[in-house]
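Engineer: Generate coordinates for the entire structure from the input sequences, incorporating the hints supplied.
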Amino acid sequence: MKKILEQIRGNKWLQLGLLVGYIALTSLSLILAQRSVAAFLLLLLSFLLLYYTKLPNWSKWAIGLAIMFFILPFSAMQGPAYQEYMDVATLVGIYVSMALGLNIVVGMAGLLDLGFVAFFAVGAYTYGIFATAQASNFMPFGTYPLSGNSFWIFIILGCFVAALFGVLLGIPVLRVKGDYLAIVTLGFGEIIRIVFNNMDQPVNITNGALGLSSIAPPKIFGIELLYSNQIYFVVLFILLFIIFAVRSLEHSKLGRSWKAVRENEIAAQAMGIPLVKTKLMAFAIGASFSGMMGVVFAAKQAFIDPTSFTLLQSINILVMVLLGGMGSVPGVILGAAVVTILNAQVLNELTMWFNSLSTAGIITLPDAMSPVKMQRFFFGALLILFALYRSKGLIPAKNVVYDKRKFLSEKGTKKRLQSVAAPKEDEHGNTGS
Amino acid sequence: MTQVWDTLPQVLIDGLTLGAIYAIIALGYTMVYGILELINFAHGEIFMAGAFIGTAVLIGLTGLGWVAVMPAIFILLLVLVITGGLTGMLGMGIERLAYRPLRKASKLITLITAIGVSFLLQDIVRFITETQQNNYIVNTPSLFPGSLSISGLNIRYSFLVVIIVAILMMIALEFFVNRTKWGLAMRAVAQDQDTASLMSVNVNKVISVTFFVGSALGGATGVLFAIHYGTIDPYIGFILGLKAFTAAVLGGIGNIRGAMAGGMLLGLLEMFAAANLSAITAGLLSSEYKDVFAFAILILVLIFRPEGLFGRAAIEKV
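Taken in order, these protein sequences are the chains called A and B. Oh and the first sequence: position 77 is 207 in the working numbering, straight run, nothing missing. Oh and the second sequence: position 163 is 666 in the working numbering, straight run, nothing missing.
You may find that some hints are simply not true.
[As the list claims (entries may be wrong)] Just a few of them, taken from the derived set where beta-carbon distance is under 7 Å, the chain A residues facing chain B: (1) R305; (2) V306; (3) D309; (4) Y310; (5) G317; (6) N328; (7) R506; (8) F507; (9) L513; (10) L518.
If you're looking for bench data, these hints aren't it; they were derived computationally from the structure. Just so you know, even glycine gets a beta-carbon here, dropped at the ideal spot from N, CA and C.
Structural biologist: Shown next, in the form of structure tokens:
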């Protein structure tokens, strides 16, 4: 047994073969089984397996994209629960994006933000107000609702508006640190929610607690994207863009400044990192991801009201980041996926299962303890357990370690190093470790 | 303007009640922060648990027939002592299990744990209550019904009880911190843990005692809240705790007298806003914005005077 495992670990062709077999098996079972959440989840698990294979990066991406674009939608299409699966997949995409945004703020820059859902709300309301008749209450020109064609512009608009709010929150917050920051952001999140809840008078902007309903669905080439399987692809494109942005940001100058600020503000400042700009950028970029997904969320649900943007949601996203591993991009993606699926499917399924057990008279579970209601319990317990025993998360963040010899063997670098500071090679060679 | 004057006495009374409650909860935050530099998010939930435990004890005593025969004051004391003891133990347990292992970890992690504890407590209380009565909103039997009416002003008896008990608790705490040996040890640990431990102060024990005292006060306040307002649910603690924390910041965190003053001030301001906000702004802002008001105060204080109204600015050591 050990021998086989070792062989698998060493041989990437074997890994590829096993992975393809696994994907084929799970997607086939998803096609054959009429309604099987387990098969769906197992198919999603293939992404994690893919991450751990030793294939070169480009082929990992190729396989991953193939699963996301073809295998997953195609194999889910066969059953009656098609929209349900796609709905969950879309939600996963939305939450992964938000968690990646929060990961920049909390994980990379080390600024604890407990009101993150506010930016999501800002994005959602930006689209919601203009894609319903609501905007005609206060806009002196134009006819509302805007058609679904404007959705694509609003994605960018939502991104900028949320970034603006991020900066607005950031400016006053820069003076406070650590736990005070957490409280201020929490207060900010609550303020945004209360304001949206009460902006139905004197001018009715947000329609207050009633919320905005029948928001125009997005439209492309005259086709209305009404269903989850259509929105899924929109989310997928935005998500890929966000992952690309995050990955390139992580190792950029800005990304390294974030980490420096996280580790020690004063030392970072002494090394010439502009503290204000770096922190504001973290807030703005993190918020912009959330804002974009807010727009998509509003279009997908076609209905938003302030109760979708509570503190519980903010904590929810924080759990995703902590569970996956603060600062680790693959970790956060995993964490967000796990929490969303737990929320959207597993808890529901468990509740149904317990209900069927209690109607069959095997065990009786009081209604108060049905898993759907125990959300806070599970999240609280997860937060505590992970903070206590695995504070680095499921996939801990890795810093790139430069190989000194490889680094030196690059021609230009070598020359520069030799001409500038020959005795100090060590320091140059080991940056970033 | 006339409306503001007319409502002022009632606003003062309501504001003082709420302020007293904020003040005692703020004490719990401030004591823990003074010693560990940790915002104990779960403190609001301890207050909430206190409200529920107190109500349960009260209902139990009513069932035994004690309430009918004994004076209300005695019952109140009994409930306060039982609840305070239990929530004190709860606070100590939380510190022991969730915070102590992380004392050396980064603050971010500890804070996240505190949020976790707070969620856990909310849900545990919810499902215990819900399994008992199929509904998590509880009505507390009123111990001090009736009210005084002085020239159109409505003063409930429970208001007097809340104010008096709150003031007594604050005096007791002042005495405990400033005049007893444990209080001395607490102040020493707050100043410098390492030096205190060199002076043979048992730091862990002092921290436990701090949590016990803070949580007991918080739980007892929960009882007062339940008796005065009559309706409680498992989610009252979080926002109320947040506002109490605002009060603690307002008065200068780590400063016990500051927390009392900050709580009173915040309670009065909030009640004033609730009564008059729409009148002053000519209907522009409804009284729903009173929570926004409290948080705006918090943010303004943190930005312009982070040491609080009564605190001294701390110099950051590198």
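Engineer: Hint compliance check: list the failing hint numbers for this structure, sorted ascending.
Structural biologist: none
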